[in-house]
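Can you make the complete structure from the sequences, with help from the hints?
Protein chains in written order, with the numbering used here: chain E, 16 to 514; chain R, 16 to 514; chain U, 16 to 514; chain D, 16 to 514.
Accuracy of the hints is not assured; some may be wrong.
Pairs of lysine-lysine residues, derived as DSS-like cross-links and limited to a Cα-Cα distance of at most 30 Å, are as follows [stated by the list, open to error]:
(1) LYS466(D) with LYS126(D)
(2) LYS114(E) with LYS369(R)
(3) LYS466(D) with LYS339(E)
Short derived list, chain U residues pointing at chain R, Cβ under 8 Å [said to hold, decoys possible]:
(4) SER183
(5) CYS331
(6) GLN491
Over 12 Å on every C-beta distance to chain D, these chain U residues come out as not near it, computed from the model [to be verified]:
(7) ARG71
(8) LYS73
(9) ASP333
(10) GLN364
(11) ARG390
(12) VAL406
(13) GLU454
(14) TYR471
(15) LEU495
Keep in mind the hints are simulated off the structure, nothing from the lab.
On a predicted model such as this, the values are computed, not experimentally measured, just so you know.
Positions of the beta carbon are idealized from the N, C-alpha and C atoms, including for glycine.
If you want the building blocks of each chain, they are given just below.
4 protein chains.
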Amino acid sequence: MESIQIQFVEDKQEFSRFPTKAGRRSLSRSISQSSTDSYSSAASYTDSSDDETSPRDKIQVNSKGTNDFCVKNIKHAEFGRREIEIAEQDMSALISLRKRAQGEKPLAGAKIVGCTHITAQTAVLIETLVALGAQCRWTACNIYSTQNEVAAALSEIGVAVFAWKGESEDDFWWCINKCINMEGWQPNMILDDGGDLTHWVYKKYPNGFKKIRGIVEESVTGVHRWLYQLSKAGKLCVPAMNVNDSVTKQKFDNLYCCRESILDGLKRTTDVMFGGKQVVVCGYGEVGKGCTAALKAMGSIVYVTEIDPICSLQACMDGFRVVKLNEVIRQVDIIITCTGNKNVVTRDQLDRMKNGSIVCNMGHSNTEIDVASLRTPELTWERVRSQVDHVIWPDGKRVILLAEGRLLNLSCSTVPTFVLSITATTQALALIELYNAPEGRYKQDVYLLPKKMDEYVASLHLSTFDAHLTELSDEQAKYLGLNKNGPFKPNYYRYTFPC
Amino acid sequence: MESIQIQFVEDKQEFSRFPTKAGRRSLSRSISQSSTDSYSSAASYTDSSDDETSPRDKIQVNSKGTNDFCVKNIKHAEFGRREIEIAEQDMSALISLRKRAQGEKPLAGAKIVGCTHITAQTAVLIETLVALGAQCRWTACNIYSTQNEVAAALSEIGVAVFAWKGESEDDFWWCINKCINMEGWQPNMILDDGGDLTHWVYKKYPNGFKKIRGIVEESVTGVHRWLYQLSKAGKLCVPAMNVNDSVTKQKFDNLYCCRESILDGLKRTTDVMFGGKQVVVCGYGEVGKGCTAALKAMGSIVYVTEIDPICSLQACMDGFRVVKLNEVIRQVDIIITCTGNKNVVTRDQLDRMKNGSIVCNMGHSNTEIDVASLRTPELTWERVRSQVDHVIWPDGKRVILLAEGRLLNLSCSTVPTFVLSITATTQALALIELYNAPEGRYKQDVYLLPKKMDEYVASLHLSTFDAHLTELSDEQAKYLGLNKNGPFKPNYYRYTFPC
Amino acid sequence: MESIQIQFVEDKQEFSRFPTKAGRRSLSRSISQSSTDSYSSAASYTDSSDDETSPRDKIQVNSKGTNDFCVKNIKHAEFGRREIEIAEQDMSALISLRKRAQGEKPLAGAKIVGCTHITAQTAVLIETLVALGAQCRWTACNIYSTQNEVAAALSEIGVAVFAWKGESEDDFWWCINKCINMEGWQPNMILDDGGDLTHWVYKKYPNGFKKIRGIVEESVTGVHRWLYQLSKAGKLCVPAMNVNDSVTKQKFDNLYCCRESILDGLKRTTDVMFGGKQVVVCGYGEVGKGCTAALKAMGSIVYVTEIDPICSLQACMDGFRVVKLNEVIRQVDIIITCTGNKNVVTRDQLDRMKNGSIVCNMGHSNTEIDVASLRTPELTWERVRSQVDHVIWPDGKRVILLAEGRLLNLSCSTVPTFVLSITATTQALALIELYNAPEGRYKQDVYLLPKKMDEYVASLHLSTFDAHLTELSDEQAKYLGLNKNGPFKPNYYRYTFPC
Amino acid sequence: MESIQIQFVEDKQEFSRFPTKAGRRSLSRSISQSSTDSYSSAASYTDSSDDETSPRDKIQVNSKGTNDFCVKNIKHAEFGRREIEIAEQDMSALISLRKRAQGEKPLAGAKIVGCTHITAQTAVLIETLVALGAQCRWTACNIYSTQNEVAAALSEIGVAVFAWKGESEDDFWWCINKCINMEGWQPNMILDDGGDLTHWVYKKYPNGFKKIRGIVEESVTGVHRWLYQLSKAGKLCVPAMNVNDSVTKQKFDNLYCCRESILDGLKRTTDVMFGGKQVVVCGYGEVGKGCTAALKAMGSIVYVTEIDPICSLQACMDGFRVVKLNEVIRQVDIIITCTGNKNVVTRDQLDRMKNGSIVCNMGHSNTEIDVASLRTPELTWERVRSQVDHVIWPDGKRVILLAEGRLLNLSCSTVPTFVLSITATTQALALIELYNAPEGRYKQDVYLLPKKMDEYVASLHLSTFDAHLTELSDEQAKYLGLNKNGPFKPNYYRYTFPC
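Set out below in structure tokens:
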């Protein structure tokens with residue numbers, strides 16, 4: 016008990032870091048300027064609302080008479096429904112999964128508590144789980160990212176949602192608790208994004224935790240800080256699926272997504288012309304590879320900094336000069352950090368940048384650029400647009416800082432629904448797998464998605480591109496020593512880190 | 016006299032086409048979502064204004080006590096000044112020209128009337144002209160594109176501006192007339208964008224027209240519909256400079272700009288993922304070349320339609336399949352028109368498109384897509400965002416139409432200040448050239464910018480890129496038969512059409 | 016007469032420059048390592064030949080008993096025939112022209128003397144001219160470039176060919192003279208490549224020259240040194256067609272061809288890996304654009320030098336740093352010259368290059384690199400492969416010089432038959448046009464190919480790519496003010512210089 | 016004994032497959048048209064040699080009086096020395112390793128037998144091993160790939176080389192045996208390429224085998240057929256290092272190398288123009304990714320076939336249409352196989368290809384294209400160049416088959432010395448590691464190169480590109496949980512399969 020007490024103190028520290036939690040990677044897939052205001056009318060719903068009453072103090076009932084939910088305004092359900100319908104258009108893999116498995120109801124009996132961003136895309140996932148037989152209770156993993164109208168639409172059809180945009184810290188944990196703690200309802204599956212829900216159940220409902228059949232976690236933090244740590248400490252008494260490190264997610268969330276969002280994020284915030292600009296990209300992992308490829312293609316002159324000789328050699332072969340930041344700091348127009356490291360751009364370097372240069376972060380958190388060092392009296396900050404600050408030196412030099420150093424693609428660009436579809440499909444399959452796995456297949460450990468399932472997720476998304484897979488003949492399969500239906504990668508293959 | 020009367024009737028017809036004037040090419044450089052709302056506070060200034068009084072009915076005085084202007088609100092001058100300062104950062108060529116020529120005042124005595132979009136970038140041009148000695152009176156070439164705060168800032172420093180956002184048709188001509196018709200002030204230079212100002216002077220002040228020393232015109236319409244027609248008819252009694260067809264403008268406004276704005280326009284409106292998308296680009300001129308290059312680089316699969324065998328062959332060599340639209344209409348995700356033609360995408364073809372496909376126009380006007388054919392009772396239009404309509408077929412199929420078929424890059428993306436700087440510098444130089452040209456150098460005709468001047472504009476912009484020109488040695492210049500300082504293109508070289 | 020005498024002295028000087036004539040642009044399309052040794056057996060035919068007798072001293076008769084030709088060995092005709100058949104596969108446009116026009120024999124009565132490289136591709140052209148009704152007599156424009164077996168094959172079917180590989184200077188003019196000077200045969204058309212034939216007729220047969228109905232010339236030298244000079248001097252008494260500056264030729268010979276041949280030339284000679292290499296390309300015209308695009312795509316880091324601000328600005332926007340050569344000379348791995356200028360790379364700069372760096376020329380002649388300056392006693396030359404010299408400095412530094420500074424793509428790579436097909440088709444059409452043009456259409460001047468014909472050449476080549484042209488509707492043609500069948504470019508459009 | 020007898024029968028079967036052994040991957044790095052004839056004089060040395068005496072029957076002595084070697088002609092040593100010196104220029108990493116470790120002689124006492132291709136690049140490796148203290152005896156892993164002059168040069172300085180170009184099968188094993196079986200000399204290290212040497216020692220010298228301290232093997236065959244099989248069977252009594260699957264080798268040998276060699280191989284054999292060509296690439300692993308990237312960059316239109324949904328999705332996102340081969344077989348100009356599979360292109364499909372289309376293989380062996388099916392009476396084969404056959408159908412259709420379906424980049428293009436340097440450096444480090452590893456670090460198993468060593472190899476090659484690594488600060492290293500000097504990849508990272 017004592018130890019738990021102590022850990023709660025630690026938790027409190029985590030709580031106080033709340034605003035920066037927005038910077039964690041997993042968030043990047045869900046809150047974006049546009050997805051929250053994709054309908055102009057939506058914006059007015061939310062923003063012009065003179066309704067300042069806390070949802071916790073409201074009494075709301077959906078059209079079926081149920082009140083087992085807590086959202087901003089149940090009346091906005093119809094609008095949210097339309098958002099969900101639009102999202103469905105680009106999530107055909109999930110819809111297809113829904114159709115294929117609807118008959119056999121592979122999640123019949125599953126009682127899932129979920130803690131994710133609550134957006135139109137998540138709604139498509141939740142409604143798929145329901146269609147496959149599950150009962151779901153849901154809460155938000157971030158206090159800002161909930162699309163209120165979508166939460167209303169889910170509540171309207173009977174999903175127990177506890178979430179709204181702009182929760183307080185106290186609201187956040189209250190909502191989580193409401194999800195779990197329901198008379199006569201014992202969750203047996205967890206879908207988490209960030210580990211907060213898992214952690215809460217582990218601490219507050221240790222007995223309930225033991226009855227969980229499986230945890231599906233998709234964030235770096237949740238996987239590497241909670242699950243692997245718990246497992247190492249021998250305290251993980253349920254099998255867990257690490258969705259974060261699946262191949263499809265890695266490639267899509269990082270390489271391909273960043274290739275598009277770096278351009279989008281820079282344009283929306285600064286209208287900068289890419290042609291001829293000198294750019295330095297710090298870090299040449301998957302994120303850096305995506306950013307450099309896009310900028311090179313648009314006519315920028317791109318430099319790379321790296322600590323790892325192998326990634327450096329790749330950068331060379333891909334046509335980028337590998338330099339130390341100080342070598343180019345006076346000449347570049349744009350700095351982009353993608354390292355996962357801290358203080359990659361220091362005050363000293365910011366002092367030497369050109370007037371009008373742009374600094375932003377595509378990496379893991381707001382530590383990459385030493386933004387704190389810019390909050391000193393001699394520098395003036397001028398907010399020129401949402402997410403765009405001019406930091407002005409005494410001599411009049413302006414450096415343009417985006418999103419205060421937080422993730423650019425999280426704050427200033429959108430993530431295509433197609434990419435969210437890949438993650439959501441993976442989550443659904445992971446839940447099905449864990450829920451239906453025969454006794455003994457999974458121990459009390461953290462697992463990667465089976466290769467075959469990764470391939471299945473990919474194959475469900477090929478129809479979007481009208482791509483036609485070639486099938487092995489019996490003879491060819493034998494020659495290669497493969498099953499005709501996959502998996503097509505050998506057992507020793509595992510792709511878990513950008514290179 | 017009679018003929019003028021008749022022509023006025025024609026003018027009226029032009030007036031009734033006002034809303035579509037927004038579609039003309041020249042506009043593309045100035046009104047964009049972002050440039051008009053680049054400061055969030057700016058937006059509130061303008062939008063939340065409960066001041067519905069027409070500027071024509073207001074009495075306003077700037078801080079120096081002058082009232083020779085008519086803008087929305089002179090009190091917003093300070094905000095506009097900041098916008099201008101920010102624009103100056105990316106217009107170093109113009110600032111550099113200002114500094115170089117400030118001593119000799121090459122425009123001393125010039126009385127310039129201007130009719131252009133009134134934006135921060137134009138303000139930098141106007142203030143450059145003033146710094147070089149000119150007196151300026153200015154009005155807007157478009158009823159929607161004026162940045163009110165910038166107009167105020169100009170009026171505050173004594174430029175006589177007559178323009179505001181949201182003018183009526185009557186206001187438009189009233190403003191033009193106020194610019195020209197000032198007691199004791201006779202314009203001797205015209206800077207026009209679209210030909211309306213030129214036309215008005217020609218019609219209303221035929222005597223004044225003859226005293227003009229030169230006209231500088233930058234729009235396709237102004238050049239090819241007015242100036243060349245007047246010249247052909249023998250009625251152009253002043254030399255005119257065709258800025259539209261200068262090399263720098265063609266390449267930058269078309270190839271390089273479209274390469275960036277096609278991505279920006281599509282992302283801002285639809286958040287579409289480019290990777291793997293099948294796109295057909297109609298037309299492979301400079302605009303089409305820019306669009307296809309960008310989309311190919313982002314991982315789209317791009318098809319091209321063309322009528323011209325030479326451009327077709329280029330498309331082939333650049334790696335695009337050249338098809339008829341009907342061959343791919345059922346499979347493509349995105350159609351982009353860049354032809355300058357009409358009815359390039361017909362209702363019949365729209366009927367055959369896939370659910371969720373996107374249709375937009377990067378060409379010359381809203382005629383390329385037969386949008387009118389979609390305004391029929393059986394189709395439902397749903398406005399999902401600003402500039403984005405879902406057109407819904409009876410079977411539920413949705414086609415996403417952007418900007419109602421008007422120019423995407425005009426409506427839904429921004430144009431970098433750097434590109435505007437090129438045009439503005441060209442305009443300034445053209446004015447200087449015409450104003451200072453010795454008697455006889457220019458006849459009553461339409462001229463292209465002298466090659467040397469084109470090169471000078473380009474050279475002024477090289478410092479932005481820290482580009483270093485190589486200089487010819489005497490021996491090399493002799494070998495090539497060139498002057499060491501250019502022009503570097505032979506006399507027979509003229510680049511005036513995309514190929 | 017006196018003046019002619021004097022000019023002959025000048026001609027002599029030209030003769031003494033013979034070896035460097037190989038460097039002229041027009042040559043680039045025909046002699047290549049591979050086309051001359053495309054059959055291994057061919058090589059042995061030619062090389063192992065112990066037959067050192069001059070063809071002028073031989074008595075040869077073809078299988079029909081004719082002896083009006085002079086080639087290396089008429090017995091090799093069959094082998095040459097196979098080379099021609101292979102070339103025909105990639106020249107479907109010419110074959111198609113042959114078929115379309117074979118019935119009407121548009122060249123019936125034409126007596127054409129030709130002076131070009133004599134290769135399999137030229138043979139396809141010549142046989143097309145014959146099929147269209149012409150009588151042809153042919154000679155080589157270069158003393159080294161003749162494919163002897165092809166010359167034999169042509170002679171075998173009755174074309175009067177006077178050419179062999181390895182002619183002496185005296186042989187060269189003897190062959191030209193034999194072509195023209197035939198009893199009872201008066202040429203009425205000239206097809207020239209380099210101007211030598213034209214010049215000879217002009218000087219030696221002034222009366223015959225006047226009877227020529229048209230000259231078709233394809234080389235820069237022939238066009239700009241001879242034809243335009245003659246025309247300027249009022250001495251060009253026949254219409255001439257400038258094929259060199261046609262759109263298709265410019266784009267294909269320069270941009271697209273160089274994009275491929277720069278890679279091919281470097282690989283075949285040095286096996287260099289492109290990835291990560293630092294390369295400076297001097298000159299950013301069409302040739303430079305092609306080279307830089309290819310190398311950038313292969314992962315090289317490319318710098319550009321330029322004298323022209325407009326091309327410099329393009330280089331910037333295309334993503335290349337524009338530098339002075341001295342800024343990067345110590346760091347680059349490869350220098351490529353594409354300027355058309357002389358002494359672009361000086362001895363002083365070669366002294367500063369790195370050990371192992373490569374220097375080559377893609378521009379107009381061997382003057383771009385100051386190769387002469389390397390022929391000094393302190394430097395050692397070591398020939399390591401054909402066309403590859405190591406120049407060794409006293410400290411052991413080696414610089415790799417390709418083709419002794421002559422054109423790389425001429426000497427060390429091949430030109431695709433498809434590109435030769437474009438030029439050959441253009442030449443055929445130009446001959447047809449001049450021969451059939453109604454009196455008065457062409458004066459005694461130099462003409463560009465009519466736009467429509469340029470487009471026709473392009474359209475004949477589209478089938479190779481299975482490209483499908485879109486046709487204008489009547490309504491669209493009217494809207495654009497174009498004829499439905501082209502030309503599709505406006506009258507004021509003329510593309511004649513790389514930019 | 017019996018079992019060995021039986022296995023020898025199997026070996027015999029292997030022997031009979033000798034010619035196809037040329038197709039195995041490991042070979043690709045060494046025999047290439049150019050590396051064997053890089054000096055024209057070299058070619059003549061070898062080819063024109065009228066010396067048909069078997070080296071085994073010759074008595075040769077080097078200048079020091081030693082005769083412990085067997086090569087073609089010891090007198091050609093000087094020429095070989097020059098080849099080695101040229102190779103050293105591009106192998107600065109190995110030279111640098113030689114200098115760094117020369118003092119401490121980390122291989123003092125090592126007695127290495129090697130079986131690899133014997134080329135100038137291998138010579139640089141061998142001489143590095145000698146410089147670090149090793150005694151070396153060497154033989155060739157392929158009967159065709161030995162550069163005789165290089166073998167002579169090595170023998171001249173005292174390395175015991177037993178190899179020549181054109182060995183018989185019997186010679187091959189005689190040479191291997193001579194390497195091992197030397198009075199008073201017991202090898203303690205093996206460097207193998209293909210497993211033949213290892214196998215011979217294992218079978219013939221079981222006692223000697225046990226005294227080996229380590230095996231370094233670089234080929235797929237050697238690693239996956241011999242070492243892992245032996246290990247699985249519990250018969251591998253020495254630690255072995257799998258160099259084949261090191262990151263640097265995978266990326267360089269496959270992705271980056273193929274990106275260049277596909278273009279080179281196609282050009283050298285066919286002079287084909289890439290622009291506008293339709294190409295289908297079968298397989299989208301690293302090799303396929305390299306090929307498609309290069310061809311797309313050169314303006315080809317590229318289709319991909321795949322069996323694996325994940326690779327398919329990558330192909331889509333990279334901008335390629337994923338099709339079944341039959342969908343495009345009639346329209347493509349070029350087919351390239353990169354699958355590692357067999358019968359990927361069948362006779363039925365070859366029957367449907369276009370006239371003039373090209374078929375080649377970049378994958379693992381000559382099984383990918385069903386070449387055997389083309390050897391039927393109704394088809395005519397015509398050899399048009401070295402490595403190029405026209406297969407002619409009864410209707411005259413020609414399909415161009417390259418290298419008879421064997422590896423194109425092995426047969427028809429070269430591999431840059433820089434890439435060979437990476438592999439050679441890895442081999443040297445692996446030998447040093449195994450030789451010096453403390454007791455117990457390596458068991459009797461197959462190991463991948465330690466991550467840190469992979470990174471060291473990479474770092475040694477960065478200077479070639481003048482790339483500058485960024486160093487972690489103490490604070491940053493702590494934040495990332497990394498040692499400042501690497502390894503920089505987490506433990507769970509392993510890259511062993513193309514994806």
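Hints versus structure:
1. Of the supplied pair hints, the one linking LYS466(D) and LYS126(D) holds, its CA atoms being roughly 26 Å apart against a limit of 30 Å.
2. This hinted pair checks out: LYS114(E) and LYS369(R) have alpha carbons roughly 21 Å apart, not beyond 30 Å.
3. Between LYS466(D) and LYS339(E) the CA atoms are separated by roughly 23 Å; this keeps the pair inside 30 Å, and the hint holds.
4. Interface hint status for SER183(U): violated, as the beta-carbon distance to the closest one in chain R is roughly 30 Å, over 8 Å.
5. With a least beta-carbon distance of about 4 Å to chain R, the hint placing CYS331(U) at the interface is held under the 8 Å criterion.
6. Look at GLN491(U): its Cβ gets to within about 5 Å of chain R, closer than 8 Å, so that hint holds up.
7. The claim that ARG71(U) is not at the interface with chain D holds, since no C-beta of that chain comes within 12 Å of its own (minimum 31 Å).
8. Every beta carbon of chain D lies more than 12 Å from that of LYS73(U), the smallest distance being close to 29 Å; the non-interface claim holds.
9. Remark: the non-interface label on ASP333(U) is consistent with the geometry, its nearest Cβ contact in chain D lying 14 Å away (cut-off 12 Å).
10. With a minimum CB-CB distance of about 18 Å to chain D, GLN364(U) clears the 12 Å threshold, and the non-interface call stands.
11. Every beta carbon of chain D lies more than 12 Å from that of ARG390(U), the smallest distance being close to 22 Å; the non-interface claim holds.
12. With a cut of 12 Å on Cβ distances, VAL406(U) stays outside the contact zone with chain D, its closest approach being about 14 Å.
13. Against the 12 Å criterion, GLU454(U) stays outside the reach of chain D, whose nearest CB is about 41 Å from its own CB.
14. With 12 Å as the threshold on Cβ separation, the claim that TYR471(U) sits away from chain D holds: the shortest Cβ distance comes to roughly 19 Å.
15. Every CB of chain D lies more than 12 Å from the CB of LEU495(U), the least distance being 27 Å, so the non-interface label holds.
The structure shown violates just one earlier hint, number 4.
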